[in-house]
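**Student:** Below, each chain spelled out in residue letters.
Protein chains: 2
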Amino acid sequence: MKIAILGGTGPEGSGLGIRWAAAGHKVIIGSRLAEKGEGVAAELKAILPGGEISGSDNLTAASQSEIVVLAVPYSAQKPTLEGLGTALKGKILVTVVAPTQKPKARVWRLPSGLSAAEEAQQQLGDSVRVVSAFQNIGAHNLKDLDYVADFDVLVCGDKRDDKQVVTRLVEDAGFRAVNAGALQNSSVVEGLTSVLIGINIRHKVKDAGIRITGI
Amino acid sequence: MKIAILGGTGPEGSGLGIRWAAAGHKVIIGSRLAEKGEGVAAELKAILPGGEISGSDNLTAASQSEIVVLAVPYSAQKPTLEGLGTALKGKILVTVVAPTQKPKARVWRLPSGLSAAEEAQQQLGDSVRVVSAFQNIGAHNLKDLDYVADFDVLVCGDKRDDKQVVTRLVEDAGFRAVNAGALQNSSVVEGLTSVLIGINIRHKVKDAGIRITGI
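Chains as they are written, first to last, in the numbering used here: chain A, 1 to 215; chain B, 1 to 215.
Note that the list lumps identical chains together, so a pair holds whenever it fits in one copy or between two copies.
Subject to a maximum C-alpha distance of 20 angstroms in a straight line, what follows is the list of computed SDA-like cross-link-like pairs (lysine to any residue): (1) K104 <-> L114; (2) K45 <-> D57; (3) K45 <-> L33; (4) K159 <-> H203; (5) K102 <-> L114; (6) K204 <-> I215; (7) K89 <-> D158.
I should point out that these hints are in silico values taken from the structure, not numbers from a laboratory.
Please put together the full structure from these sequences, using the hints given.
**Tutor:** As structure tokens, then:
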């Protein structure tokens, strides 16, 4: 599949990008500035010479792809999605956004009372199929393709078929996906990010994650 | 320690009670009706003949204990705590309450915008030390004292010392405790209960739980 990663220059977006390229997908690293996207794409190709990885601005990346991943900080979510409505129409938007605010170890309730994923869905309307995933994984080890994860990726969304597509992307990235229910439940998954940041701090580790047991 | 379990006649409260009694604590099963508390205490003593387990009404149980556990359904939280202010003064109240609403697999945002644990803290005031724990464990296997858990218990609270006391109680029940931060973060832990109920339904299991990885 052709996957655009908006804000793909950050550690999580680029880490997922190289993993999907390694699994045979075509990856476009999107950025506010095309040059930045191209620069990070070149760095990733240096690690994975055979990978089909290119870079461009976010709008071009979204327009040229079947699946679009939103990997920007929460503060950039709304402005990034503005103007992308047409490019995203009919597509799955996978959001990895987890809002945090200082102190980051405290769960932040957004003023809207919604999750960031629901805010994206509201902004874009029903013609875009928003699915939430990857909020609880550390970016630290993603570029190490030999790294074997012991955590799960929780997937929230309102359409079963869309979650199945994202489940395959999670597996292609090397992780186990667990269906965590409706998009509304993303508030819990996003809040877990703050909880895990706190656990990282208290345990002096970088990549606390969660695993679903008993299944 | 002397531990009262308010609403201790339910599966989670009674399951924790027998585990703490097995670890040498004195357990009082509290109920709205003293006879019900006494009845369940008798059942638990039949399973664990050496255990120090008694039953009474909630107020008597709270008054006679050093630690009080709130194990009622969310709908009973507020009425149960009414009139217990004096009995709870200066004590740790461990709340296991996780609000759910149909459909239970959907995270329920309380009208207050708070977690159930924060609502309890607000209702009781600062002289009661509320700590949140045990929301994400299935009650199914608790009474099987040979059951070895692979899940963790997340502990939220605003005072480090109180969380350490509760951490020891978690360990005495046979589980690993993980400090999940401030009481505010309990909204995530409580919401996880709904997510886990959904996972139980989809995977046709009874006791999905969570484990923190990477620590």
